[in-house]
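Novice: For the record, the sequence lines run as chains L and U.
Residues in the first sequence are numbered consecutively from 1, following our numbering.
Residues in the second sequence are numbered consecutively from 655, following our numbering.
These are computed hints drawn from the structure, not numbers from a lab.
There's no promise every hint is true.
[Said to hold, decoys possible] Ranges between beta-carbon positions, derived for each pair: (1) ARG46/L - PRO791/U: 56 to 62 Å; (2) GLN165/L - SER758/U: 36 to 42 Å; (3) ASN794/U - ALA391/L: 21 to 27 Å; (4) GLY369/L - GLY788/U: 35 to 41 Å; (5) ASN794/U - TYR645/L: 27 to 33 Å; (6) LEU897/U - GLU506/L: 55 to 61 Å; (7) PRO761/U - TYR643/L: 53 to 59 Å; (8) GLU506/L - SER758/U: 54 to 60 Å; (9) ASP618/L - PRO761/U: 38 to 44 Å; (10) THR868/U - ASN395/L: 28 to 34 Å; (11) ASP746/U - GLU329/L: 39 to 45 Å; (12) GLU696/U - GLU496/L: 33 to 39 Å; (13) GLY788/U - GLN165/L: 29 to 35 Å; (14) GLU329/L - GLU696/U: 16 to 22 Å.
[What the hints assert, rightly or not] Listed below are several chain U residues computed to face chain L (Cβ distance under 8 Å; list not exhaustive): (15) GLY671; (16) SER710; (17) THR787.
[As the list claims (entries may be wrong)] Straight-line C-alpha distance at most 20 Å; calculated DMTMM-like pairs for lysine to aspartate or glutamate: (18) LYS560/L - GLU703/U; (19) LYS507/L - GLU234/L; (20) LYS665/U - ASP227/L; (21) LYS665/U - GLU567/L.
Built from N, CA and C at the ideal position, the CB exists for glycine as well.
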Amino acid sequence: MSVDASLEFHEVGEDIADAAAPSGPIERRWDERKFSAKLVNPANRRKMSVIIVGTGLAGGAAAATLGEAGYHVKTFCYQDSPRRAHSIAAQGGINAAKNYRNDGDSIYRLFYDTVKGGDFRSRESNSYRLAQVSVNIIDQCVAQGVPFAREYGGLLDNRSFGGVQVSRTFYARGQTGQQLLIGAYQALERQIAAGTVEMHTRHEMLDLIMVPDADGTERARGIIVRDMVTGEIETHTADAVVLATGGYGNVYFLSTNAMGSNVTATWRAHRKGAYFGNPCYTQIHPTCIPVSGDYQSKLTLMSESLRNDGRIWVPKQPGDDRHPADIPEDERDYYLERIYPAFGNLVPRDIASRAAKYQCDDGKGVGPGGLGVYLDFADAIERMGRKTVEAKYGNLFDMYARITGEDPYTRPMRIYPAVHYVMGGLWVDYDLQSNLTGLFVGGEANFSDQGANRLGASALMQGLADGYFVLPSTLPDYLAAGPFEPVPDDHPRVVEARQAVEERVEKLLSINGSRTVDSFHKELGHIMWEYCGMERTEEGLIKAIGLIRDLKAEFWSNVKVTGEAQELNQALERAGRVADFIELGELMCIDALHRAESCGGHFRAESQTEDGEALRHDDTFAYVAAWEFGGEKPVLHKEPLEYEYVEMKARSYK
Amino acid sequence: MRITVNVWRQKNADAKGSMVSYALDDVVEDMSFLEMLDVLNEQLTLAGEEPVAFDSDCREGICGTCGVVINGIPHGPEVTTTCQLHMRTFKDGDVIDIEPWRASGFPVVKDLIVDRGAFDRIIAAGGYISVNTGSAPEANNLPVPKEDADHAFEAATCIGCGACVAACPNGSAMLFTAAKVTHLGLLPQGQPERESRVLGMVEQHDAEGFGSCTNIGECTAACPKGIPLDVISRLNRDLLGALAAGKA
Ligand SMILES: Cc1cc2nc3c(=O)[nH]c(=O)nc-3n(C[C@H](O)[C@H](O)[C@H](O)COP(=O)(O)OP(=O)(O)OC[C@H]3O[C@@H](n4cnc5c(N)ncnc54)[C@H](O)[C@@H]3O)c2cc1C
Ligand code: SF4
Ligand code: FES
Numbered sequence: 001m002s003v004d005a006s007l008e009f010h011e012v013g014e015d016i017a018d019a020a021a022p023s024g025p026i027e028r029r030w031d032e033r034k035f036s037a038k039l040v041n042p043a044n045r046r047k048m049s050v051i052i053v054g055t056g057l058a059g060g061a062a063a064a065t066l067g068e069a070g071y072h073v074k075t076f077c078y079q080d081s082p083r084r085a086h087s088i089a090a091q092g093g094i095n096a097a098k099n100y101r102n103d104g105d106s107i108y109r110l111f112y113d114t115v116k117g118g119d120f121r122s123r124e125s126n127s128y129r130l131a132q133v134s135v136n137i138i139d140q141c142v143a144q145g146v147p148f149a150r151e152y153g154g155l156l157d158n159r160s161f162g163g164v165q166v167s168r169t170f171y172a173r174g175q176t177g178q179q180l181l182i183g184a185y186q187a188l189e190r191q192i193a194a195g196t197v198e199m200h201t202r203h204e205m206l207d208l209i210m211v212p213d214a215d216g217t218e219r220a221r222g223i224i225v226r227d228m229v230t231g232e233i234e235t236h237t238a239d240a241v242v243l244a245t246g247g248y249g250n251v252y253f254l255s256t257n258a259m260g261s262n263v264t265a266t267w268r269a270h271r272k273g274a275y276f277g278n279p280c281y282t283q284i285h286p287t288c289i290p291v292s293g294d295y296q297s298k299l300t301l302m303s304e305s306l307r308n309d310g311r312i313w314v315p316k317q318p319g320d321d322r323h324p325a326d327i328p329e330d331e332r333d334y335y336l337e338r339i340y341p342a343f344g345n346l347v348p349r350d351i352a353s354r355a356a357k358y359q360c361d362d363g364k365g366v367g368p369g370g371l372g373v374y375l376d377f378a379d380a381i382e383r384m385g386r387k388t389v390e391a392k393y394g395n396l397f398d399m400y401a402r403i404t405g406e407d408p409y410t411r412p413m414r415i416y417p418a419v420h421y422v423m424g425g426l427w428v429d430y431d432l433q434s435n436l437t438g439l440f441v442g443g444e445a446n447f448s449d450q451g452a453n454r455l456g457a458s459a460l461m462q463g464l465a466d467g468y469f470v471l472p473s474t475l476p477d478y479l480a481a482g483p484f485e486p487v488p489d490d491h492p493r494v495v496e497a498r499q500a501v502e503e504r505v506e507k508l509l510s511i512n513g514s515r516t517v518d519s520f521h522k523e524l525g526h527i528m529w530e531y532c533g534m535e536r537t538e539e540g541l542i543k544a545i546g547l548i549r550d551l552k553a554e555f556w557s558n559v560k561v562t563g564e565a566q567e568l569n570q571a572l573e574r575a576g577r578v579a580d581f582i583e584l585g586e587l588m589c590i591d592a593l594h595r596a597e598s599c600g601g602h603f604r605a606e607s608q609t610e611d612g613e614a615l616r617h618d619d620t621f622a623y624v625a626a627w628e629f630g631g632e633k634p635v636l637h638k639e640p641l642e643y644e645y646v647e648m649k650a651r652s653y654k
Numbered sequence: 655m656r657i658t659v660n661v662w663r664q665k666n667a668d669a670k671g672s673m674v675s676y677a678l679d680d681v682v683e684d685m686s687f688l689e690m691l692d693v694l695n696e697q698l699t700l701a702g703e704e705p706v707a708f709d710s711d712c713r714e715g716i717c718g719t720c721g722v723v724i725n726g727i728p729h730g731p732e733v734t735t736t737c738q739l740h741m742r743t744f745k746d747g748d749v750i751d752i753e754p755w756r757a758s759g760f761p762v763v764k765d766l767i768v769d770r771g772a773f774d775r776i777i778a779a780g781g782y783i784s785v786n787t788g789s790a791p792e793a794n795n796l797p798v799p800k801e802d803a804d805h806a807f808e809a810a811t812c813i814g815c816g817a818c819v820a821a822c823p824n825g826s827a828m829l830f831t832a833a834k835v836t837h838l839g840l841l842p843q844g845q846p847e848r849e850s851r852v853l854g855m856v857e858q859h860d861a862e863g864f865g866s867c868t869n870i871g872e873c874t875a876a877c878p879k880g881i882p883l884d885v886i887s888r889l890n891r892d893l894l895g896a897l898a899a900g901k902a
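Looking at chain U on its own, in the form it has when it is part of the complex (with noise of 0.2 Å):
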């Protein structure tokens, strides 16, 4: 099929970009969505054009490196990240139009690709157990209800791609955050920092510059994984038992 592809294209963070727009002519239906991007780089490098950048790793779903908004949709039309979307999911003769992640708590590096950088510190700040390398007892000693377990993981399963950020009108990371927060405060082992590790990564996400949560649900609905919204109601609860508790 021939597709047509609006690009932003943007040579470093300082520059200012703008939208290019490319014909391909043999896309297969078959491609996923980044194979039909190489497809072009492969047209453009041999034209002498710098090809787009664009990041992406595993191709697998699964690293969250991918990510880009498509047609004003993060990852695209389908339930899933970028890597896996394929190109079955459009027709002859479309037009494509393909962003990077926009918000100010990801800045652009070059074309499609953003610094995230945010979520690692988010992360350093709180959203871990604090047990050190030979210090854990026998792991059967701690027995945890397979139904905590369970939603523990579904919360965990968060893969760090950001398109909750680049859904949400106000550009807040509160999905990320509280996927974190729910999948540690769920489980027994999170419960001696449950306070300070709330209270330190909602600091640092409103520090980076995201911005608050209104309860929207974009971010939920652009998840490749399916965090759902309550983890949000868990971390605000999370929030002001904290408070009330006079840790802040």
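Same shape as in the complex, but just chain L (with noise of 0.2 Å):
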């Protein structure tokens, strides 16, 4: 394999390193953080404004804690109302190493499996901070009235979830993001009462703005937003901003993101120099509906909790088209069980994905279009009765029995590999300040603390984390230099700001071309996922950055907008969202390009073992990926990565 291709494609800047990163004993290193941390006087914390763009998890609990200590907070989302940001959808649970169940559990177990499951391609001290702060997380939302489910005693209930061997999971039925959101929400609505937030709904942010001070230091001052019901463009400045807006799974066209979720924040910051980091860093969730035809818009995940009682098959025969009922056990492949007899249906969700699709590459896949395997239920409804079957997984079943029209009590469910969410983000120190001063990412919208990989139930952990915890003690030692000098409508650099924007719609409005933005965006979608989705090539990955290429230019000469700009155009929006994600594609390409070797969600099938496991380059590798914006050359910043506490090994499930 030739480390060297990619070379054509980017050139390589110097290291980075993380500035803010606390030294000495890491159960520590967070207090040391906050204790070092400069204050702001509460009398003086009105005259501080901090832009929050994002409303879900992560900058709600952050808005409203800001709001709370009595910051001028301005939020920004694009749907009608905060308690919608795609954080409702989660489903499963959030960890928290209280260690109820007194199975073993403790800060260090939660942070061992987190860098572990990450595949050694996280912080050791973030990874730290976020089982640290796991504990209070639950504290807060129990006393915000969030419902979690309880135990007859009448204290929380736990699960276990994704693999891991304690009962850390706190979750409500099946709907613990949405329970979580609406804690959030209540407390963010209270603060708007209160005055101190100032929510904007239905805008859409479309640039960031910076400022040099008067010593030459550039700072991230505000941004330029589209109301998206009058289409006026406007701007807010403030001393800081904060990017909160989630993850980009929709470059992938099909995904579990909502419609709406985008990449256009944290992609017009990162041309604005902020550094993406590790973008091809994908988890791909392998209990989703397959798709049904064309037409199809988005995936519907179906909680991994399954894979407890149900068996994935196949047929053995290629081309089996027979009702599933009519093909005899001998002729039916449990093909977790039989390569991974310890683990079973439970193994890691990438070696789950990946196992059914290779299962489909060889001709085994079940209906349309070949891209499904059997969750088979049959046997854990004679074991269980379909009474316990109903009660555990009742909700999923009807959700599935209404998208397919299937009966999974009576026939198995077909299941498929769908995109899930994104470890990659934005670079961000540990105190969660990007490159850019002043620019602070939280969430799923920042390179996250979770590796390569992230385990089940931790981005709820990590997205209120951040918004309640870390960016309400780290943005305070930033303020603490200011206010700073107020910025004018009619400063070079907004009116800058503006006018590309400005100019960017009527362009989009003005080509009049002949395809419509969606077939643009599924085109991508299809590349994305042929070529960079489960399994990567160094081949497949320059074919689809030529593709990539040829589509934006097509873009951007043939696309058609209908519409004006002065209204609610849902065609722009769109259309202004599916440019960025052409672009981001792009860097996901070069980015799983360079990195030669396979680790967690990003598996490259030049770098596998004998028997056919990811095979990671400890030597080469262990870094993270800091991409400067260069167009068609992005520059390279490496982010070494040292392991003190964890013992770096290969994960092995079999």
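Relying on the hints, combine the two individually framed chains into one complex.
Specialist: Now the structure itself:
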């Protein structure tokens, strides 16, 4: 394999370091950092303003907390209410090292599991802090009235999730994300009523404003947004800017993300100089409902908990299109149980997903297009009885029946992997500050504490850790130097940013070509899924980069966007997002190409063990890839990763 | 299958709207209702016409963004959200009327999109527990009987879609308001603010132009999350209690 092939597509810059990272014993680092942080006198806080883009778990929690502390907060979201952020869709649960089960859990164990689960591509300090703060999150949510599941004695219930051996996942039936978000939303509404937070719904961020201060330091000082109802382009300025705009899984067109989930806010910041960390790390979830046709607009996840009792199989004979009930036992291949006897159907997400892909590649897939495998509850129903299965999984079975029109109690469900979460995002230091001074990033939007692969129930934990606890401790350290000189509306940087946004809108509306925005988005999605999906190769990635460049050129000459700028215009909204996804897609492929190893959610076919498992190259690739924007030649900065506490080992599930 | 849709088209809040008819030739029964509208919009765009504006986000029945009146019924003939309705519910040759929520508390923004900002303001008027970040006690110091927790959870599953308002002949938002009063009122954490909460939320509900509740029950029949009518009785009890305590 030639490591050099990627050099045609990027430059290599200087290494970077996390300058905010504390040292010393790991369990003291967060306390040390909080202690060394400058504080802002309560009387001065209302003079300090913070813009927070995104009011999901990360942004909503940060806005509420900073509002409570007395800062002047301005928040933005694209939905009609902060209660609808995509965090609402999380089903399974949230991890916390409470050790209520007395089953050997601890902060250290959650830290260890996170670093190992992330396939040794996350920072130890960040993962440790996440585990530490997790216990406070549960306390906070319970005090807010989040109705977590409880035991008969009235205490909180836990379940085990995502293949770990302890029960540390807190949940609210299959609607944990909803209940956590409603908790944060209510806290946010309370601050809106109190006047500390100014909420702007149906506003989309389209650019970041960087302004130099008297001594020449460039600072993030504002954003350009479009009022999605009137079409007006507005400028908002503040002393600091936080992006908490979620993940970019929709670059694949089909994903489990919401229709509006986008990369625009972070991509625009990237174009203004913010480094993009590990863009190619994507998590593909094994248990989603397969695609049924070309008209499909999104994919629906079914909780991973189904793998606790369901058995996954395909027909042994390729092309076998008999009804599943007509395929006898000995003509079925329960491939996970066969290949991974120790873990069986419970192998981690990336392994289960890839295994399903291989079966389908061999022609053994079932359902439309042969892109599905069976998840069978026949044995479970026989063993536990239909009633128990109903009690445990009823809502999931109903959802499946509603979407597919098939009855999962009598016919095995069909499942297929789908893009679900992205570990990549804007690069941040320990304080969650990007390389741009004054620009902070929280939640799924940052490159995250999850490394190359995230454990189940850890994204909600990270979003709330960032929002309730980390940002409210680290932002004041930055704000203590403020308030900064106000930025007038006619400041050259503001005028420039505004004009650029207005021109882009005009441009999109004037092309008047012959293809719809969605047709471009779908084509991009196909390219990404095919070449930068579950399995990646050097050859495929190089091909994808070429295809994406052609697509970009065609987009800007042949897209058709109807309607006008000065009105609610959903085609225009989508066009702007797809244009950014196309550029992101190219960077993801370049990142995937340069990382000639397999780790976590990134599997390079050239880098596997003899028996087909992911093969890391710690000597070459134990770093965070932080990309500086550079058009067709982005610049790679490496942040070396060191492991002082957890020994680097190969993940093995055989 | 072939389907005809009559869709409410209205350029903006001030414009006058009207129903416009469109024909779709290739509707597949596995399509969701909103995917059928996506297909219509692709068709309109290629013909140089403006696509129909409608709201949706999660398309999983949980965010509460979607919601239109289908043949006179909010979210259509099945008890679910618009995004979770599938075309297999309809048959070849059907004519489907599609309109926005109609209520004085929900002004139309464009086509099928309405402004539900009033719901946020009702929550801001007391639909929370006042606890600043960092001041929470250890979670298990406060046991909550499982039954109460389960009931609170059921009320808390409201997705804020607004179908209850669209279904109510009075345009009342009592089911939505009462679901929150019930969720927080059933928990020990919610007790200190129980009276001020119900007073604040009901006052805001009325100020937003929602009608009053006369116990018709259309709301609960349309609710995709099955929020039961008895949450409103609970709200009324709390309200009477608060008024009797002279808190108004
Ligand atoms: C179906 C599903 C199930 C999941 N289940 C689990 C689970 O069980 N456990 C777990 O831990 N994790 C789960 N996850 C992952 C987890 O839900 C997310 O990673 C997490 O909620 C992201 O939170 P966030 O605050 O970063 O972003 P989001 O909740 O996505 O919020 C993004 C915010 O940014 C705003 N925004 C975005 N772009 C712009 C823009 N350009 N301008 C203005 N505003 C903008 C949006 O309006 C929104 O307010 C799941 C994810 C999915 C998709
Ligand atoms: S009560 Fe039901 S119908 Fe009303 S907003 Fe809540 S979920 Fe929608
Ligand atoms: S789009 Fe989220 S509930 Fe329908």
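Novice: None of the hints should be skipped; say for each whether it holds.
Specialist: How the hints compare with the structure:
Between ARG46/L and PRO791/U, the C-beta spacing of about 28 Å breaks the proposed range 56 to 62 Å. Between GLN165/L and SER758/U the CB atoms are about 56 Å apart, so this pair departs from the stated range of 36 to 42 Å. Range check, ASN794/U to ALA391/L: Cβ separation about 25 Å, and the 21 to 27 Å hint holds. Taken as a hint, the range 35 to 41 Å is violated for the pair GLY369/L and GLY788/U, whose Cβ atoms sit roughly 52 Å apart.
For ASN794/U paired with TYR645/L, a C-beta distance near 29 Å keeps the hint of 27 to 33 Å intact. One distance hint, 55 to 61 Å for the beta-carbon pair LEU897/U and GLU506/L, holds here, with the actual separation near 57 Å. Here the CB-CB span from PRO761/U to TYR643/L is close to 57 Å, well matched to the stated 53 to 59 Å. The hinted range of 54 to 60 Å is not satisfied by GLU506/L and SER758/U, whose Cβ atoms lie roughly 37 Å apart.
The hinted range of 38 to 44 Å is not satisfied by ASP618/L and PRO761/U, whose Cβ atoms lie roughly 59 Å apart. Take THR868/U and ASN395/L: their Cβ atoms lie about 33 Å apart, and the range 28 to 34 Å holds. Checked against the hint of 39 to 45 Å, the pair ASP746/U and GLU329/L passes, with Cβ atoms roughly 40 Å apart. Roughly 36 Å separates the CB atoms of GLU696/U and GLU496/L, a value that falls within the hinted 33 to 39 Å.
Range check, GLY788/U to GLN165/L: about 32 Å between beta-carbon atoms, so the 29 to 35 Å window is met. Look at GLU329/L against GLU696/U: about 45 Å separates their beta carbons, and that is not inside 16 to 22 Å. Checking GLY671/U against chain L: minimum C-beta separation of about 14 Å lies over 8 Å; hint violated. With its C-beta approaching chain L no nearer than about 6 Å, SER710/U sits inside the 8 Å limit, and its interface hint holds.
Below 8 Å, beta-carbon pairs count as interface contacts, and THR787/U has one with chain L at about 4 Å; its hint therefore holds. Taking the CA atoms of LYS560/L and GLU703/U, the gap is about 11 Å. The hint holds against a cut of 20 Å. The suggested pairing of LYS507/L with GLU234/L holds, with an alpha-carbon distance near 18 Å, which does not exceed 20 Å. Distance restraint check for LYS665/U and ASP227/L: the Cα-Cα separation of roughly 16 Å lies within the 20 Å cut-off, and the hinted pair is therefore satisfied.
With a C-alpha separation of about 9 Å, the suggested pair LYS665/U and GLU567/L falls inside the 20 Å cut-off, and the hint holds.
Figure legend: structure checked against the earlier numbered hints; hints not met, in rising order: 1, 2, 4, 8, 9, 14 and 15.
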